[in-house]
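Here are the chains, one letter per residue:
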Amino acid sequence: MGNPNFMNGVPELLVLRLLSRQEMYGYELVQAISLSTGNAISLGEGVVYPVLHALEEQGALKSRRKPVGGRIRVYYSVTAKGTKRLTGLAAEWNRIAGALNLSTLEARHVPTAT
Amino acid sequence: MSRLQLDALRERLLVAGVAPRHVRRYLGELRHHFDDLLRAETGNGLSGEAAMRAARARLGSDESLANAMLAKPGARSMTARYPWLVFGLLPPLALIVGFALVVIATQQVAINGGAYIPRQGFVAPAPIWLVWFLQGTMLAINFLVVPLLGVLLAWVAQRQRMKLLWPALGMALLLVLHVHGIFRMDAQGRIGRGFSTIIPLPGLFGSVRFYWPVFLAQAALLCLPLAWLWRARSKATQ
Numbered sequence: 001m002g003n004p005n006f007m008n009g010v011p012e013l014l015v016l017r018l019l020s021r022q023e024m025y026g027y028e029l030v031q032a033i034s035l036s037t038g039n040a041i042s043l044g045e046g047v048v049y050p051v052l053h054a055l056e057e058q059g060a061l062k063s064r065r066k067p068v069g070g071r072i073r074v075y076y077s078v079t080a081k082g083t084k085r086l087t088g089l090a091a092e093w094n095r096i097a098g099a100l101n102l103s104t105l106e107a108r109h110v111p112t113a114t
Numbered sequence: 001m002s003r004l005q006l007d008a009l010r011e012r013l014l015v016a017g018v019a020p021r022h023v024r025r026y027l028g029e030l031r032h033h034f035d036d037l038l039r040a041e042t043g044n045g046l047s048g049e050a051a052m053r054a055a056r057a058r059l060g061s062d063e064s065l066a067n068a069m070l071a072k073p074g075a076r077s078m079t080a081r082y083p084w085l086v087f088g089l090l091p092p093l094a095l096i097v098g099f100a101l102v103v104i105a106t107q108q109v110a111i112n113g114g115a116y117i118p119r120q121g122f123v124a125p126a127p128i129w130l131v132w133f134l135q136g137t138m139l140a141i142n143f144l145v146v147p148l149l150g151v152l153l154a155w156v157a158q159r160q161r162m163k164l165l166w167p168a169l170g171m172a173l174l175l176v177l178h179v180h181g182i183f184r185m186d187a188q189g190r191i192g193r194g195f196s197t198i199i200p201l202p203g204l205f206g207s208v209r210f211y212w213p214v215f216l217a218q219a220a221l222l223c224l225p226l227a228w229l230w231r232a233r234s235k236a237t238q
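Just so you know, the sequences run in chain order A and B. Per the working numbering, the very first residue in the first sequence carries number 1; after that it's consecutive. Per the working numbering, the very first residue in the second sequence carries number 1; after that it's consecutive.
Just chain A, same shape as in the assembly:
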């Protein structure tokens, strides 16, 4: 991840988007993030957990422990509150992305002084 301020909200958006499709455990989720972003966003894989825990404390996610192959895995899934948050975050990022696209297009068409 690059500039932390600029990336503010991105991990939440990715986590909520992916978990809204199916419940996942941490490792599975990080691999899904890498896959869905084409490795464009690479982060220390462990840093996903504070994001998951914070979202859970805010009520956007819920977790359950599930025994798998003699181990306990913590599976996360999105709550109704999380779905609402995802809609808000997605709309915000679409707005920013649209504005950036527009700005890029306009920059291409600015006539140069001769």
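Please keep in mind that the hints were generated in silico from the structure rather than gathered at the bench. Take the hints with a grain of salt, since some may be wrong.
[Unchecked claim] In silico lysine to aspartate or glutamate, DMTMM-like type, Cα no more than 20 Å apart, as pairs:
hint	chain 1	residue 1	chain 2	residue 2
1	A	K84	A	E57
2	B	K72	A	E12
3	B	K72	A	E57
Keeping the supplied structure of chain A fixed, place chain B upon it in accordance with the hints.
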């Protein structure tokens, strides 16, 4: 069991004030994640040390893992945020409230046993069971409850890696306030029991008295958890 060493990360998070339950959960999930990474790297053809190194690199450095947790809102414990409350205000308050509850409970026992008549007081001469019961209760709260509170303070401080100063302050306050139980019996077998503190409190608490033997015994007992904490810290830094 995971071979991942996270002691340094744990210490860093605790010293920074992250609540122990958050640290425990974080480290547990990191260990599971590391095991999955190790399996994946082994599956990719790496073996032994190389797989371990690759898995550790993918997990993230201690620095980035600590920063991610420290940036999480609400990660800091109440002990770290309000040490003056946990070590300064709560222990004496808990002791005073606890002692008041003991007075009410002992009175109820005496009433049920027919040894206390409401608005008149204890019957005289007091039955021997009541004498033993009240003496035992006072001994227990003076020499068991107060030191146990000291143990609790030391344990809380150690869990959060707080400076030794905080539990020492809490214990000093407990001592200086000198909240203690009193049991008396006169020649006619009339008994009196109450609680005293250097703060003049109305109601259940008796007059202000300072009993040096109780004070010194409590001071000695409170030194034990403090000494244990100091020793644990010295060992950890060696």
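Here's how the hints hold up against the structure:
no.	hint	result
1	A/K84 - A/E57	holds, 16 Å
2	B/K72 - A/E12	holds, 12 Å
3	B/K72 - A/E57	holds, 10 Å
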